[in-house]
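Chemist: Please take these sequences and the hints and turn them into a complete structure.
There are 2 protein chains.
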Amino acid sequence: MIRLPCEEEVLERIKPLKEEYDHIRGVADALIATVNDSGIARGMVVGSVARDTWVRGDRDLDIFMLFPPSLPRVELERQGLGLARDIGTQYGAEMREKYAEHPYINMRINGLDVDLVPCYAVERATGIQSAVDRTPFHTRYVRERIGSFIDDVLLLKQFSKAGGVYGSDQMTEGFAGYLCELLVLYYRGFSGVIRAAAEWRPTTTIDIEDHATKVFHDPLVVIDPVDPARNVAASLSLSRMFEFVELARGYSAAPGAVYFSPPAPVILDRNAFAARLEERGTRLYAITLETPHTIPDIVVPQLRKSTAAIADMLTRYGFVMNRSACEMQDEHCMLLFELLVDSLPPVKRHMGPPVWNRFNAEKFLAIYPENTYSGPYIDDGRYFVEILRKHTHVRELLGSESPLKVALGKHVKQSMSTSRTLEEGPECWSEEFAPFLTFFLTRESPLVRIRRTDAIRK
Amino acid sequence: MIRLPCEEEVLERIKPLKEEYDHIRGVADALIATVNDSGIARGMVVGSVARDTWVRGDRDLDIFMLFPPSLPRVELERQGLGLARDIGTQYGAEMREKYAEHPYINMRINGLDVDLVPCYAVERATGIQSAVDRTPFHTRYVRERIGSFIDDVLLLKQFSKAGGVYGSDQMTEGFAGYLCELLVLYYRGFSGVIRAAAEWRPTTTIDIEDHATKVFHDPLVVIDPVDPARNVAASLSLSRMFEFVELARGYSAAPGAVYFSPPAPVILDRNAFAARLEERGTRLYAITLETPHTIPDIVVPQLRKSTAAIADMLTRYGFVMNRSACEMQDEHCMLLFELLVDSLPPVKRHMGPPVWNRFNAEKFLAIYPENTYSGPYIDDGRYFVEILRKHTHVRELLGSESPLKVALGKHVKQSMSTSRTLEEGPECWSEEFAPFLTFFLTRESPLVRIRRTDAIRK
Chain U
108 MIRLPCEEEV
118 LERIKPLKEE
128 YDHIRGVADA
138 LIATVNDSGI
148 ARGMVVGSVA
158 RDTWVRGDRD
168 LDIFMLFPPS
178 LPRVELERQG
188 LGLARDIGTQ
198 YGAEMREKYA
208 EHPYINMRIN
218 GLDVDLVPCY
228 AVERATGIQS
238 AVDRTPFHTR
248 YVRERIGSFI
258 DDVLLLKQFS
268 KAGGVYGSDQ
278 MTEGFAGYLC
288 ELLVLYYRGF
298 SGVIRAAAEW
308 RPTTTIDIED
318 HATKVFHDPL
328 VVIDPVDPAR
338 NVAASLSLSR
348 MFEFVELARG
358 YSAAPGAVYF
368 SPPAPVILDR
378 NAFAARLEER
388 GTRLYAITLE
398 TPHTIPDIVV
408 PQLRKSTAAI
418 ADMLTRYGFV
428 MNRSACEMQD
438 EHCMLLFELL
448 VDSLPPVKRH
458 MGPPVWNRFN
468 AEKFLAIYPE
478 NTYSGPYIDD
488 GRYFVEILRK
498 HTHVRELLGS
508 ESPLKVALGK
518 HVKQSMSTSR
528 TLEEGPECWS
538 EEFAPFLTFF
548 LTRESPLVRI
558 RRTDAIRK
Chain A
108 MIRLPCEEEV
118 LERIKPLKEE
128 YDHIRGVADA
138 LIATVNDSGI
148 ARGMVVGSVA
158 RDTWVRGDRD
168 LDIFMLFPPS
178 LPRVELERQG
188 LGLARDIGTQ
198 YGAEMREKYA
208 EHPYINMRIN
218 GLDVDLVPCY
228 AVERATGIQS
238 AVDRTPFHTR
248 YVRERIGSFI
258 DDVLLLKQFS
268 KAGGVYGSDQ
278 MTEGFAGYLC
288 ELLVLYYRGF
298 SGVIRAAAEW
308 RPTTTIDIED
318 HATKVFHDPL
328 VVIDPVDPAR
338 NVAASLSLSR
348 MFEFVELARG
358 YSAAPGAVYF
368 SPPAPVILDR
378 NAFAARLEER
388 GTRLYAITLE
398 TPHTIPDIVV
408 PQLRKSTAAI
418 ADMLTRYGFV
428 MNRSACEMQD
438 EHCMLLFELL
448 VDSLPPVKRH
458 MGPPVWNRFN
468 AEKFLAIYPE
478 NTYSGPYIDD
488 GRYFVEILRK
498 HTHVRELLGS
508 ESPLKVALGK
518 HVKQSMSTSR
528 TLEEGPECWS
538 EEFAPFLTFF
548 LTRESPLVRI
558 RRTDAIRK
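In order, the protein sequences belong to chains U and A. So in our numbering, spot 353 of the first sequence is number 460, and the numbers just go up one at a time. So in our numbering, spot 125 of the second sequence is number 232, and the numbers just go up one at a time.
Derived by calculation from the structure, the hints in this document are not laboratory data. Bear in mind that the values here come from a model prediction, so they are computed numbers and not experimental data. One or more hints might be untrue.
Because identical chains cannot be distinguished in the list, a pair is counted as satisfied if it fits within a single copy or across any two copies.
[What the hints assert, rightly or not] Derived BS3-like pairs: lysine-lysine, alpha-carbon spacing no greater than 30 angstroms straight-line:
{"#": "1", "residue 1": "K455", "residue 2": "K497"}
{"#": "2", "residue 1": "K412", "residue 2": "K205"}
{"#": "3", "residue 1": "K455", "residue 2": "K412"}
{"#": "4", "residue 1": "K470", "residue 2": "K268"}
{"#": "5", "residue 1": "K497", "residue 2": "K512"}
{"#": "6", "residue 1": "K470", "residue 2": "K497"}
{"#": "7", "residue 1": "K470", "residue 2": "K512"}
{"#": "8", "residue 1": "K268", "residue 2": "K205"}
{"#": "9", "residue 1": "K455", "residue 2": "K470"}
{"#": "10", "residue 1": "K125", "residue 2": "K268"}
{"#": "11", "residue 1": "K497", "residue 2": "K520"}
{"#": "12", "residue 1": "K517", "residue 2": "K205"}
{"#": "13", "residue 1": "K520", "residue 2": "K412"}
{"#": "14", "residue 1": "K512", "residue 2": "K412"}
{"#": "15", "residue 1": "K517", "residue 2": "K412"}
Modeler: Structural data, given as structure tokens:
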């Protein structure tokens with residue numbers, strides 16, 4: 108395998124050190140032994156530690172506790188969480204109960220961030236009872252094949268992280284670790300992935316085991332080698348996919364270590380933000396609400412849906428949008444709307460029925476006889492009337508009850524009805540949302556950022 | 108034939124007086140005799156005078172001079188106009204040469220507005236060489252059948268005139284006299300027309316002779332009894348058609364003399380106009396130009412086309428239209444644009460190619476590397492960039508060369524490039540365009556106007 112000098116350099120920097128490796132392995136072995144000793148479950152290391160595809164500095168250790176599939180689900184949770192808590196207590200660790208599809212226990216042990224996750228030891232990946240049951244199969248599949256490609260996986264993960272496209276959570280909508288591993292296996296190494304990705308198109312499909320049993324319409328389709336009816340890249344968005352594609356093209360054209368370095372955070376302070384906004388001349392509105400108390404992967408899609416629904420409402424009322432976006436922080440969420448036009452004259456043209464629909468036409472005439480700016484009049488055979496506009500300003504519309512009536516999603520709606528605040532222009536800025544607002548105003552693709560910062564450095 | 112009292116009343120008022128009738132017949136007979144005496148053409152009265160379907164006070168007399176079809180066209184014009192001028196000279200009349208499809212001579216004789224029109228005496232209407240050759244056939248067709256329906260035609264013409272839908276010129280786009288006559292014949296009287304029209308739909312088709320040889324897609328289709336391939340209602344717009352429909356419904360529900368009285372003209376003066384505009388809160392812009400020196404039926408469609416093209420341009424540049432309209436006066440024409448938004452911030456979002464189109468994507472990146480508000484960035488797999496808007500104000504855009512570059516039509520373009528002025532807000536008002544501007548701001552359908560004025564009177 109031929110590596111470019113910059114890739115060798117990066118590997119030097121990101122490969123785990125021997126002492127890190129020994130430490131994490133030691134903790135893992137001890138935890139596995141403890142789980143096995145319980146006699147009720149079998150311990151298994153999963154995730155990147157199990158596959159040796161973790162990057163220097165990573166502190167995540169995932170231990171699965173495999174229970175017999177005959178155990179009822181409530182018992183799985185009771186015994187699983189009980190065993191995890193016993194282990195935590197043994198280590199004197201601070202513990203938190205968390206949720207994915209199932210509850211699990213997160214704890215800090217000897218400087219590591221450890222998840223203890225109960226699951227069923229099913230025979231085949233297609234026989235799973237819940238998504239977590241699939242993870243051991245992924246681990247086995249990759250561990251058996253990844254041998255000579257470990258460095259390639261490290262490079263691809265670092266490349267994706269630095270480009271801002273790594274992570275399959277709902278906020279990122281990027282590349283999962285397992286997806287990176289499969290891409291490396293399929294394309295036989297990091298440079299194979301780079302070469303291929305430069306030519307990806309929407310619905311590009313990869314089926315390593317050639318066993319797909321279902322058709323997917325996602326941007327990228329990577330059939331799970333352990334489950335022919337699952338797309339590993341289902342949560343990858345079109346935007347993240349093509350940000351990766353442009354990074355791959357940029358790297359092909361001029362490879363460099365800069366592609367593996369996450370950007371230095373630039374955050375606009377209140378004054379710089381106000382100045383930028385002034386320059387753009389647009390009207391910014393921010394709805395802030397308390398972050399709903401549920402898992403982020405539920406909140407984030409609701410935030411996106413709510414933002415789109417409110418943006419649609421503003422457009423429907425005649426205001427002119429430039430862009431909108433949303434962000435979830437620990438304490439608060441923000442729905443951001445940038446408008447080209449936030450104020451409209453009082454007159455509003457309203458379309459009525461075609462005159463040849465006699466019933467509706469006569470009903471329309473009866474409704475609008477008076478107090479109109481003009482009309483009812485006939486244009487191209489339809490009635491029109493000009494009436495008083497209900498909301499002449501975005502401020503007034505966003506401050507009304509109307510935003511609560513569009514499709515918000517349950518948790519966001521609940522939080523918005525009790526904790527909504529509305530800010531305008533430079534007042535949208537806050538410490539908490541400064542990075543988000545900065546990203547919004549200075550948005551650029553990963554490749555554009557890399558080329559710009561690289562040009563500055565030179 | 109049973110007439111409503113209000114119809115009897117109206118007929119009393121609009122039927123030509125005996126002395127009018129004798130006078131106009133006298134002039135007509137004398138002119139016919141003069142034409143016949145020339146030995147080169149045969150005279151014929153056409154139009155409403157020939158059919159006895161004219162309304163009291165009408166002063167129009169159309170005399171056709173029928174030449175042998177073997178005469179070359181240049182000779183037709185030379186001899187036809189020569190004969191007409193001789194006749195005019197005989198009467199000591201002031202003459203003007205005018206154009207429809209062919210030139211003709213207009214003159215004032217004994218208080219009448221007389222057109223002397225040369226045409227070919229063809230054997231059949233389908234063998235015509237120009238549209239005017241068809242007119243004698245229309246006259247003969249109607250004269251032979253209209254006998255008992257003359258009063259009905261008078262009522263229908265007066266009803267259409269008062270409703271503002273009479274006249275087949277390009278500005279009105281309404282009902283021609285011949286069309287009114289055919290409708291009365293087909294529906295057996297005025298009340299038959301009213302009853303039927305209330306239920307008209309687009310593409311309603313009437314074919315009295317049941318001989319159509321062509322399919323038409325006009326709002327109303329009335330096959331010419333003397334030409335199976337012609338729609339008599341071709342120049343009727345959807346708007347005028349359905350204004351007539353709503354008048355018919357209104358009259359059916361509550362007949363009254365008010366439907367036969369043209370509205371008293373209400374014209375906003377400069378101050379009232381400014382006050383109305385202030386109330387609406389919209390931004391009004393008027394482009395004025397010198398009226399091109401060609402026939403109105405050529406200028407008006409060009410004005411309409413130009414207005415639509417400029418309105419489209421404003422929308423394309425991001426400004427928000429409410430309505431637009433145009434008007435032709437003797438001296439000047441006006442293109443009027445009413446905007447909800449005439450000013451936009453400097454930032455403009457520009458859509459680029461999809462990233463999977465590698466050639467275009469890389470070209471796009473090369474074009475927009477610097478001086479952007481944000482981007483290039485990727486959204487849903489496409490490039491976007493935010494750049495400086497070229498025109499941030501309608502005033503500036505309408506004052507630039509851009510309006511001259513859209514599809515204006517030859518004569519309007521010529522006139523606009525030499526005589527264009529741009530006015531804004533209350534400054535759009537002028538004595539010349541006060542009726543047009545008043546109509547624009549206080550637009551209402553004929554029925555709404557009738558009901559409103561009738562309610563005021565009661």
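Chemist: Against this structure, judge whether each hint is valid.
Modeler: Hints and how they fare:
1. K455 with K497: both (9 angstroms within a copy, 28 angstroms between copies)
2. K412 with K205: Classified as within: same-chain Cα gap 25 angstroms, cross-chain 66 angstroms, threshold 30 angstroms.
3. K455 with K412: Both: 28 angstroms inside a chain and 25 angstroms across chains, each within 30 angstroms.
4. K470 with K268: between (61 angstroms within a copy, 26 angstroms between copies)
5. K497 with K512: Answer is within; shortest intra-copy Cα gap is 16 angstroms, inter-copy 38 angstroms.
6. K470 with K497: within (22 angstroms within a copy, 46 angstroms between copies)
7. K470 with K512: For K470 and K512, the Cα distance is within 30 angstroms only inside one copy (28 angstroms; across copies 44 angstroms).
8. K268 with K205: within (25 angstroms within a copy, 80 angstroms between copies)
9. K455 with K470: within (20 angstroms within a copy, 43 angstroms between copies)
10. K125 with K268: Close inside one copy (23 angstroms), not across copies (99 angstroms); limit 30 angstroms.
11. K497 with K520: Within. Shortest intra-copy distance 23 angstroms satisfies the 30 angstroms Cα cut-off; inter-copy 40 angstroms does not.
12. K517 with K205: Within one copy only: 21 angstroms inside, 74 angstroms across.
13. K520 with K412: Intra 11 angstroms, inter 48 angstroms, cutoff 30 angstroms: intra-copy only.
14. K512 with K412: Cα proximity of K512 and K412: one copy only (13 angstroms, versus 42 angstroms across).
15. K517 with K412: within (11 angstroms within a copy, 50 angstroms between copies)
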